[in-house]
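Chemist: Each chain, written out:
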Amino acid sequence: MSLVDEFQYGLDAPICLTWELTYACNLSCVHCLSSSGRRDPRELSTAECKALIDEFERMQVFYVNIGGGEPTVRPDFWELVDYATEHHVGVKFSTNGVKITPEVARRLAGSDYVDVQISLDGATAEVNDHVRGPGSYDTAIRAMEHLADAGFENFKISVVMTRHNVGQLDEFKAIADRYNAQLRITRLRPSGRGADTWDELHPTAAQQRELYDWLVAHGENVLTGDSFFHLAGYGEGDLPGLNLCGAGRVVCLVDPVGDVYACPFAIHDTFLAGNVRDAGFTSVWRESELFTSLRSPQGGGACESCSAFDACRGGCMAAKFFTGLPLDGPDPECVRGHGELALAGVTSAPKPSLDHSHRKRKPVPVTIGMRRPPDRACDENPLAGFRN
Amino acid sequence: MSTESFDLDAGWRLDERVSIRPERFGALLYHFGTRRLSFLKSPALLTVVRSLAEHPTARAACAGAGVEPPELPRYRAALAALAASRMIQPRSL
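Line order of the protein sequences matches chains A and B.
Okay, so the first sequence: first residue is 1 according to this note's numbering, each after it adds one.
Okay, so the second sequence: first residue is 1001 according to this note's numbering, each after it adds one.
Each hint should be verified, as a subset may be incorrect.
Listed below are the simulated SDA-like cross-link pairs for lysine to any residue, each with C-alpha atoms no more than 25 Å apart in a straight line [what the hints assert, rightly or not]:
| no. | chain 1 | residue 1 | chain 2 | residue 2 |
| --- | --- | --- | --- | --- |
| 1 | A | Lys-156 | B | Arg-1036 |
| 2 | A | Lys-92 | A | Ala-47 |
| 3 | A | Lys-173 | A | Gln-117 |
| 4 | A | Lys-173 | B | Ser-1019 |
| 5 | A | Lys-351 | A | Gln-168 |
| 6 | A | Lys-50 | B | Ser-1019 |
Chain A stretches covered by chain B per the calculated footprint, using a threshold of three residues with CB under 8 Å from any CB of chain B [unchecked claim]:
| no. | region |
| --- | --- |
| 7 | 6–15 |
| 8 | 79–93 |
| 9 | 112–124 |
| 10 | 321–335 |
These are calculated hints, taken from the structure and not from any lab test.
As the structure is a computational prediction, the values presented were derived from the model and not from experiment.
C-beta: ideal position from N, C-alpha, C; glycine also.
Generate coordinates for the entire structure from the input sequences, incorporating the hints supplied.
Modeler: As structure tokens, then:
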């Protein structure tokens, strides 16, 4: 059996998993896959988080991708990072950079077991801030400067590819080179608030081709989190990685309240496998009905007769689901154009089950920038009053 | 490192920053320093890798794991790939 086949049928423990520590965030990115903003009061406590890390250690999960929300705003964030690394669970955390001071950067540079991923969705402030909000470009660049000054090599710059930044790929690479960092690009998904901005932000068919050609030419030193496997359907050059959907098979998501989903882009009741508070993570991973079914052979529906099916495997489950397409049909961004045809017949798409967006803001400010959240005494935003 | 330049007659060991997780197909390896993942595609290769430090040479580790001479080139190639990704180190370092 090939490795890909082995992985299709699932492993006893995830290779890595995404752990959103909090839904609290100082930003309100218009494509946020977890619709983050406000803290969920039922968030796992420090003790519960540590117990979960103990479980990851027992299962030999090599590392966790910590995200959110903005994970660094949790008061116990560094305590949890230290606890994980002391227990042989590596940490890679995603941040908008807001807490990466020179001092924090020096501390991070001293550990083999911690990796940092700075989110940046435009190589220029104009493109970035359009999606991530005013000032977010400067915050990210400042964090990168601090990391580079501290001698942290190979931290990651994480870019979600959109219609506005595909043309900036070379510039992103130049930024990564400037800070001794590594570029990581991932696919925009119609998840969370991304469902509302997908139509405006997802790359055009021509841009997908441009992205694919760029990856084939430069892919060796660029990370993709295996997220562009739907582009493998072009079939004219090898994309790095296994090009496999690992949802519930080799990866999963644990959300701030302990709910376990098949993947970070599938925060919806349909993809909810269980909660770590009920039976523990190990039993959800190994025994949940949802994950068991994901590990059985999946039908490709109409796609099975397509010559590209062996390469793309029908694309991304979450992208199909949130655009209202059947899971055994084509990906909305199918490189053969089958997705576009199928989308034409879609009358409604599922709404995200959760929304932690900041209240009192205009819904989904896509074409205009965002306002800062109001400062109120009872503001749940943990960074109320914070100014760059 | 090319397969030809991998020295089967040198002593090797696993890098101390590498964690091994046995799987039914062999094992997963993760290097916390390079943050890279590798796969060992057979249980015998896992035995070889785990026992490198106990044998004077990589060749002896292969023999100890029951690798027959005709299979040796395949194991040498796998070890060379592991050395290239710094999962294993020459003991002289």
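Chemist: With a Cβ-Cβ cutoff of 8 Å, does the region 79–93 of chain A contain at least three residues near chain B?
Modeler: holds (count 3)
Chemist: Going straight from one Cα to the other, do A/Lys-173 and B/Ser-1019 come out at no more than 25 Å?
Modeler: Judged against 25 Å, a Cα distance of about 31 Å means the pair is violated.
Chemist: Confirm or reject the coverage of the region 321–335 of chain A by chain B under the rule of 3 or more residues with a beta carbon closer than 8 Å to the chain's beta carbons.
Modeler: violated (count 0)
Chemist: Is A/Lys-50 close enough to B/Ser-1019, meaning Cα to Cα at most 25 Å?
Modeler: holds (21 Å)
Chemist: Could you grab the alpha-carbon distance between A/Lys-351 and A/Gln-168 and see if it respects the 25 Å cut-off?
Modeler: violated (31 Å)
Chemist: Is it true that the CA of A/Lys-173 sits at most 25 Å from the CA of A/Gln-117?
Modeler: The given pair, whose Cα atoms are some 15 Å apart, holds under the 25 Å limit.
Chemist: Examine the region 112–124 of chain A: at least three residues should have C-beta closer than 8 Å to a C-beta of chain B.
Modeler: holds (count 3)
Chemist: State whether the coverage of the region 6–15 of chain A by chain B holds or is violated, taking the criterion as 3 or more residues with Cβ-Cβ distances under 8 Å.
Modeler: holds (count 5)
Chemist: Mind checking the alpha carbons of A/Lys-156 and B/Arg-1036 for me, to see if they're no more than 25 Å apart?
Modeler: Since the Cα atoms of A/Lys-156 and B/Arg-1036 sit roughly 14 Å apart, the hinted pair holds (cutoff 25 Å).
Chemist: Is it true that the CA of A/Lys-92 sits at most 25 Å from the CA of A/Ala-47?
Modeler: holds (20 Å)
Checked against the numbered hints above, the structure violates hints 4, 5 and 10; every other hint is satisfied.
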